[in-house]
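Chains as they are written, first to last, in the numbering used here: chain A, 12 to 184; chain B, 2 to 97; chain C, 2 to 264.
Treat the hints as calculated values from the structure; they're not laboratory data.
It cannot be assumed that every hint is accurate.
[As the list claims (entries may be wrong)] Just the calculated beta-carbon pair ranges, DEER-fashion:
id : chain 1 : residue 1 : chain 2 : residue 2 : range
1  : B       : Phe79     : A       : Asp62     : 53 to 63 Å
2  : B       : Glu23     : A       : Gly42     : 42 to 52 Å
3  : A       : Arg49     : C       : Gly75     : 33 to 43 Å
4  : C       : Glu176    : A       : Asp72     : 46 to 56 Å
5  : B       : Ala29     : C       : Ala59     : 30 to 40 Å
[What the hints assert, rightly or not] Derived, one-sided and incomplete: chain A residues facing chain C with beta-carbon distance under 10 Å:
id : residue
6  : Val51
7  : Leu88
8  : Leu92
9  : Ile136
10 : Ile141
Just so you know, these numbers come straight off a predicted model, no measurement behind them.
Glycine included, C-beta positions come from ideal geometry on N, C-alpha and C.
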Amino acid sequence: MLTLFAAESTEVNNPILPVFPEIFWGALTFGLLYVLMRYVLLPPVLRTMADRDQSLRDDWDAAKAAQAKAAGADAELANALAPAKAQAAVLIETARTEAEAERAEIIGAAQTEIDAMRQLANAEIDAARIEAMSGVGPQVADLTAQATSRLMNRPVDAAAAQGVVNRIMSERS
Amino acid sequence: MSAIASAASQAIELAVEATPDEQKANAAASSAGFAYGLAAIGPGIGIGYLVGQAVQAMARQPEAAGQVQTTMFLGIAFTEALALIGFVVFILLKFA
Amino acid sequence: MSVNLFAAESETGGLKFPSIENLVEWPAYLFDGTFAEFNKIALISVLSMAIPTVMFLASGRDRVPSGLQNVVEGSVEFIDKQVILPAIGPEGFKFRPLLLSIFMFVFVGNMFEVIPTFQMPLNARMAVPLTLALLVLVVFVTVGIQSQGLGGYLKSSLFPPGLPKGLYLLVTPIEFLSTFLIRPFSLAVRLFANMLAGHILLVTFGVLCIALWRSDFLVVILPFSFGMLVALTGFEIMVSFLQGFVFALLTAVYIGGAMHPHH
Numbered sequence: 012m013l014t015l016f017a018a019e020s021t022e023v024n025n026p027i028l029p030v031f032p033e034i035f036w037g038a039l040t041f042g043l044l045y046v047l048m049r050y051v052l053l054p055p056v057l058r059t060m061a062d063r064d065q066s067l068r069d070d071w072d073a074a075k076a077a078q079a080k081a082a083g084a085d086a087e088l089a090n091a092l093a094p095a096k097a098q099a100a101v102l103i104e105t106a107r108t109e110a111e112a113e114r115a116e117i118i119g120a121a122q123t124e125i126d127a128m129r130q131l132a133n134a135e136i137d138a139a140r141i142e143a144m145s146g147v148g149p150q151v152a153d154l155t156a157q158a159t160s161r162l163m164n165r166p167v168d169a170a171a172a173q174g175v176v177n178r179i180m181s182e183r184s
Numbered sequence: 002m003s004a005i006a007s008a009a010s011q012a013i014e015l016a017v018e019a020t021p022d023e024q025k026a027n028a029a030a031s032s033a034g035f036a037y038g039l040a041a042i043g044p045g046i047g048i049g050y051l052v053g054q055a056v057q058a059m060a061r062q063p064e065a066a067g068q069v070q071t072t073m074f075l076g077i078a079f080t081e082a083l084a085l086i087g088f089v090v091f092i093l094l095k096f097a
Numbered sequence: 002m003s004v005n006l007f008a009a010e011s012e013t014g015g016l017k018f019p020s021i022e023n024l025v026e027w028p029a030y031l032f033d034g035t036f037a038e039f040n041k042i043a044l045i046s047v048l049s050m051a052i053p054t055v056m057f058l059a060s061g062r063d064r065v066p067s068g069l070q071n072v073v074e075g076s077v078e079f080i081d082k083q084v085i086l087p088a089i090g091p092e093g094f095k096f097r098p099l100l101l102s103i104f105m106f107v108f109v110g111n112m113f114e115v116i117p118t119f120q121m122p123l124n125a126r127m128a129v130p131l132t133l134a135l136l137v138l139v140v141f142v143t144v145g146i147q148s149q150g151l152g153g154y155l156k157s158s159l160f161p162p163g164l165p166k167g168l169y170l171l172v173t174p175i176e177f178l179s180t181f182l183i184r185p186f187s188l189a190v191r192l193f194a195n196m197l198a199g200h201i202l203l204v205t206f207g208v209l210c211i212a213l214w215r216s217d218f219l220v221v222i223l224p225f226s227f228g229m230l231v232a233l234t235g236f237e238i239m240v241s242f243l244q245g246f247v248f249a250l251l252t253a254v255y256i257g258g259a260m261h262p263h264h
């Protein structure tokens, strides 16, 4: 404390000891800053920050509410759509069954037609073969008889040859 | 050569003709350096250890980094005060 | 034989370092010799009060902050989150004006260390740190007495619980010294010595740069000295901020300790 008064004399002060005028000005300015900070400077800043926090919170709440509302509307829409969907499913099922039946009918008719045509063709083929066979038999028998008589140098009975050929052909066919 | 000689003669003059006040000032000046140098050893080790441990703690638990940092600064402030008092003693000795 | 390193400096050939009085003591501008002598330190005090005031008044009040408003609101939030909440807790918000003023005053005052034409930290003089430390002492003792009563505060600060009876003979004087004397003393000395040391460091390298600039051939090491000067300037900006932060934080810790004794 003595140094405070020593500062007023013109002696050399120790450079690290405080001098009174600087304490005076420091205390005065700091006190002023504190008072200003307390009553003038800080409150509006704090109010701005609180307002911002509040409005952010409000916005957040509003966004949450809007989200909840949107979810409700979604559910409502889904509820409204459910009967229509069921009806549509029934319609689709019916249409499919009908289409299935129609197809089966068409396929059945076509099958019968094809079967009839095939039977007709088979009959024709059989008739043609029988006719061919009956036409070919006497000639083959005649040729066979002639060839055999030439080989054996004696006449062959045409009726016997006819019988043998007929037997062989019936065996082969 | 002449500069060295003159410096030496000055030193001899100082040593021979120093009044008690001057002797005291010389002793204070030379011990001032020791005062600061010695005062810096302990806090140097202390701060190094402290910060090392703090870094380890932050590496182990990065989510607690803020807390560790604040505590670290507090610890540094307390430890550093010793070195700073040494510095003040240095100034006091040298310029009192 | 001998090389004259600093030929331009003096004819005896030494680097003349300015005495410490020249570094920290300033002539009066006004009211010389009165109790309100107005010198550079007083001017810096006034500016340390005026700059935060102007910053707060000039900052906008927009919903989306920008520019200066960011700085102002950032500093308020910094004090809230880094100082008050860890050291005191939510009930410490009523000390926000005090802690914010301390932080702003100390930080801006420190920053004059690196502002050209001032180049002198406010707190490299003992006056302001001493004033603030005594103020902090008064504040935390008042808070302790308010929250625990005089007897309760003395009991909790001088008689730490859970010790054998005999030890109190030893502990109580130590606690008294450490709480009511060493706390404000170390608070003031920490700030003061940090800034004085930084100031002397910057002056040392500045003087060295000038001397090297005028020397004959040692000018080749000037870049290193100058680089050091630049790096130390950055370091001192960091120290300025850190000392303001630490001063506010310690104030908050002391207030918090006085509020909750078993913390």
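Hints versus structure:
1. B:Phe79 with A:Asp62: 53 to 63 Å: violated (40 Å)
2. B:Glu23 with A:Gly42: 42 to 52 Å: Taking Cβ atoms as reference, Glu23 (chain B) and Gly42 (chain A) lie about 45 Å apart, which means the hint holds.
3. A:Arg49 with C:Gly75: 33 to 43 Å: violated (20 Å)
4. C:Glu176 with A:Asp72: 46 to 56 Å: Cβ of Glu176 (chain C) to Cβ of Asp72 (chain A): about 51 Å, so the range 46 to 56 Å holds.
5. B:Ala29 with C:Ala59: 30 to 40 Å: Given a distance of about 50 Å, which is not inside 30 to 40 Å, the answer is violated.
6. Val51: holds (8 Å)
7. Leu88: violated (36 Å)
8. Leu92: This interface hint is violated because 42 Å lies over the 10 Å limit.
9. Ile136: violated (98 Å)
10. Ile141: Hint violated; Ile141 (chain A) Cβ to chain C Cβ min 107 Å, cut 10 Å.
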